[in-house]
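Trainee: Residue 20 is where the sequence shown starts when you use this note's numbering, and the numbers rise one by one after that.
What the hints contain is simulated information worked out from the structure, not anything from laboratory work. Fair warning: there could be bad hints in the mix.
[What the hints assert, rightly or not] Derived pair list, reagent style EDC-like, types lysine to aspartate or glutamate, alpha-carbon separation capped at 20 Å:
id	residue 1	residue 2
1	132	100
2	58	123
3	140	44
4	58	44
5	132	44
6	99	72
7	99	119
8	99	111
9	58	139
10	99	139
11	140	70
12	33	133
13	58	111
14	132	119
15	140	111
16	99	61
17	132	54
[Stated by the list, open to error] Cβ pair distances, simulated, as ranges:
id	residue 1	residue 2	range
18	33	112	23 to 31 Å
19	40	88	29 to 37 Å
20	140	34	24 to 32 Å
21	27	67	35 to 43 Å
Even glycine gets a Cβ: it sits at the ideal position worked out from N, Cα and C.
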Amino acid sequence: GMIPWLLVAELVAKKGQPLSQLVADRQLAYPVSGEINRKVADPAALLARIERDYTGTGGDAGHNVDAAIDHTDGLSVAYKEWRFNLRMSNTEPVVRLNVESRGDVRLMQEKTKELLALIDKA
């Protein structure tokens with residue numbers, strides 16, 4: 020809409036940098052995996068298992084039990100330095116994974132690989 024566009028134009032004017040540079044700075048601050056789709060036989064069971072493993076409610080993955088959990092759109096789990104969202108498709112037997120970190124590309128890549136290994140075993 021018009022208001023978001025005006026806010027972006029205002030930000031570009033205030034910062035004195037091109038929009039491409041402002042976007043690149045944000046991408047470095049919050050590296051993301053992008054949405055990754057994987058076909059699985061039982062998406063609901065997979066989400067339940069990942070939740071148990073990554074929230075300290077079961078499993079032996081050894082993850083921080085201080086995770087913030089949200090079920091608004093599938094399973095979102097947030098830790099201090101990284102977070103992920105794993106959700107089921109409503110139209111096909113796939114799950115969609117997004118992983119993000121706070122300025123740490125390597126951590127985002129490691130956690131993406133770790134989660135995909137679990138998903139691909141399902």
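Trainee: With the threshold set at 20 Å, check whether the alpha-carbon distance from residue 132 to residue 44 stays at or below it.
Mentor: At roughly 24 Å apart (the allowed maximum being 20 Å), residue 44 and residue 132 break the hint.
Trainee: Below or equal to 20 Å on CA atoms is what counts here, so check residue 132 against residue 100.
Mentor: holds, 16 Å
Trainee: Keeping to a limit of 20 Å between CA atoms, is the pair of residue 58 and residue 123 held or broken?
Mentor: violated, 28 Å
Trainee: CA of residue 140 to CA of residue 111, is that 20 Å or under?
Mentor: Given pair residue 140, residue 111 holds - Cα atoms ~19 Å apart, limit 20 Å.
Trainee: When you check the alpha-carbon spacing of residue 58 and residue 44, does it fall within 20 Å?
Mentor: It is violated: about 33 Å lies between the C-alpha atoms, which goes past 20 Å.
Trainee: Taking 20 Å as the top limit, are the C-alpha atoms of residue 99 and residue 139 close enough?
Mentor: violated, 26 Å
Trainee: Between residue 140 and residue 70, does the CA-CA distance stay at or below 20 Å?
Mentor: holds, 15 Å
Trainee: Has the given pair, residue 58 with residue 111, been kept, meaning a C-alpha gap of at most 20 Å?
Mentor: holds, 8 Å
Trainee: For the pair we were handed, residue 99 and residue 119, check the Cα-Cα distance against 20 Å.
Mentor: Between residue 99 and residue 119 the Cα gap is close to 11 Å, so the pair holds against 20 Å.
Trainee: When you check the alpha-carbon spacing of residue 132 and residue 119, does it fall within 20 Å?
Mentor: holds, 12 Å
Trainee: Given the hinted pair residue 58 and residue 139, is their alpha-carbon gap at most 20 Å?
Mentor: Cα-Cα ~8 Å, so holds.
Trainee: Sort out whether residue 133 lies within 20 Å of residue 33, counting only the CA atoms.
Mentor: Given pair residue 33, residue 133 is violated - Cα atoms ~40 Å apart, limit 20 Å.
Hint violations for this structure: numbers 2, 3, 4, 5, 8, 10, 12, 16, 18, 20, all remaining hints satisfied.
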